[in-house]
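*Asks:* Sequence:
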Amino acid sequence: MSDHIKHECGIALLRLLKPLSYYQKKYGTAFYGLNKMYLLMQKQVNRGQDGAGLVNIKLNTSPGTPYISRRRSVDQNSIQDLFLKIGDNFKKIKARYPKEFQNSDWLKENCSFMGEVFLGHLRYGTYGGNSITQCHPFLRQNNWKSRNLVLAGNFNMTNVDELLNQLIDLGQHPKEKSDTVTILEKIGHFTDEENARLYNQYKSENKSNTEISKLIEDNLDLSNILTSASKKWDGGYVLSGVLGHGDAFSLRDPHGIRPAYYYQNDEIVVVTSERPVIQTAFNVSAEKIKELPRGQAIIVKKNGSVFFQEILKQKSRKACSFERIYFSRGNDAEIYKERKKLGRLLLNPILEKINNDLVNTVVSYIPNTAETAFYGLLSGMEDALNQQKEALLKTNKLEELQSLMHQKIRLEKMAVKDAKLRTFITADNDRDGLVGHVYDVTYGISKNTDTLVILDDSIVRGTTLKKSILRILDRLKLKKIIVVSSAPQIRYPDCYGIDMAKLGDFIAFKAVISLLKKSEKGKKIIQETYQNCQEALTKPKEEQKNHLKDLYAPFTDQEISIEIANLLKTDNISTDFDIVFQTVENLHKACPNHTGDWYFTGEYPTFGGNMVANKSFVYYMEGRTGRAY
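Going by this note's numbering, 876 is the number at position 623 of the sequence shown; the sequence numbering is gapless.
One thing to keep in mind: the hints can contain errors.
[To be verified] EDC-like mimics (lysine to aspartate or glutamate), calculated; alpha carbons at most 16 Å apart, straight line: (1) Lys-661 <-> Glu-635; (2) Lys-568 <-> Glu-856; (3) Lys-802 <-> Glu-781; (4) Lys-661 <-> Glu-643; (5) Lys-777 <-> Asp-803; (6) Lys-554 <-> Asp-474; (7) Lys-719 <-> Asp-829; (8) Lys-485 <-> Glu-415; (9) Lys-763 <-> Asp-803; (10) Lys-279 <-> Glu-520; (11) Lys-541 <-> Asp-585; (12) Lys-543 <-> Glu-587; (13) Lys-485 <-> Asp-422; (14) Lys-802 <-> Glu-856; (15) Lys-794 <-> Glu-415; (16) Lys-484 <-> Glu-563; (17) Lys-798 <-> Glu-788; (18) Lys-770 <-> Glu-781; (19) Lys-732 <-> Asp-829; (20) Lys-661 <-> Asp-610; (21) Lys-278 <-> Glu-520; (22) Lys-733 <-> Glu-605; (23) Lys-794 <-> Glu-856; (24) Lys-730 <-> Asp-693; (25) Lys-484 <-> Asp-414; (26) Lys-733 <-> Asp-831.
Hints in this document: simulated from the structure, not taken from any laboratory.
Make the full structure from the sequences, and use the hints.
*Replies:* Here's what the structure looks like:
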């Protein structure tokens, strides 16, 4: 419950379609683009707090002058750090050249980050360290403008080994084995090929080299580059890039696993990971902001023309449902309604657990993204209470009705997180003692006859719940504690952008292994699944099926939930404890357009997902701690 999940990344691509002088005249500042980028990135800070990066490219610069600016930060407040340093540089320039500073043309010619094309990135480190070298956007440099490539994205590829070998087969020598580098170099390779093709074409027409460079910039086929580069990609992704001369693109995977939205008018073209940030930054209605079609790229040419191109054949929509539950900003109208419905759909199983006793039930939630789902649950409980009152009225039980008439749902903030408590400052053997105090409780508002229902968006590892929340709630001496998750049981690893690849971390997986080990038949299933996964990994990913499903098949959802509760409740917890998970069926009711549910069902949209699932179990059985992709 409330375990920190490193996840997702955020992107922001902004192309100014007018000269800087236009924005200075209309909006009173030549820094219109830079200011908007700050908003677009800051409003997506939920998507990445491990680092931030910004690239700016100037169009139509003279040879010998810089045209690419890049700055990255892994500071604790990386966005602020990034823009403060950019701003400090402008302050120095203004102090030295106060008159020239008012001229937008002079600013473009003499200052960094004063170009027309911006690409920003917010990083959540899903694997490895968190150094500046791992921070997007990545840059592939060349002395020809049209061969320079800047790339940033929200993605993970499942088949990095395969992609790396493709580069080696091309004769390259990649500097590291990572999906970011392999994608950058793959796109870069075909960018070079497209440049060479056009060069040879125009050279045969007796054009000068200077003429050829301009012709290449005007006629370079970005869609051809992306189509050639992406043929073997397996994963979930939104990739955004800019070439040195100014062509820009954003490409979404064919299943639409990762989110991307765009908006354009006669002044700007913008692409982001979330819709509300565009609404806020540019004051436009949600209806004007469109979702980037899956498998398609939005391409903005150097001349400002905008078009869409199918890069990969569109496949069944499997947009990530966990994205809606946990990751995305909740001020998106659709996401708000979905999260609220997720909470309301939990009403019936909760009423069953409390025997419809709303009078002696206190309802609360763990702060953050569970709040909206909590409102939905609360609304459902209020309706249930009103129905109880109506039933008493119809049966003329007036005395009972009178005692219930003024009863309201008992909403209280029971668990309070101490954000300032840092457990890393002490030795390992003392850390558990501090972890138990990360949360505190509100005393004096509950009785020993009360049941506490406490809601969170998801229960992944259960570590915080076991070591902190249950321990501290137990001090209230309640009749019962019911922990509720608005997400179903997370059973399978993710491989499309989230740091959830290790099976041994999942409390649902631990529970099913615990159940299997209680019988000889179950132990046999574990060994057979291990052997089947090993055998599967000798085959191409296209021929593999997800053998992890065999582990869960013998048990009902309820049986696994009971075992999860048993694993989470330690001996020193005296209060009766139960746990309720959302059903997959109700998840689909709440999020009908986001059916990517592989976390819960093991139904991966790509072949690489099955491969990762099988490899994750092999790693678990062999005690290997590495990531399975």
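*Asks:* For this structure, which hints from the list above don't hold up?
*Replies:* none
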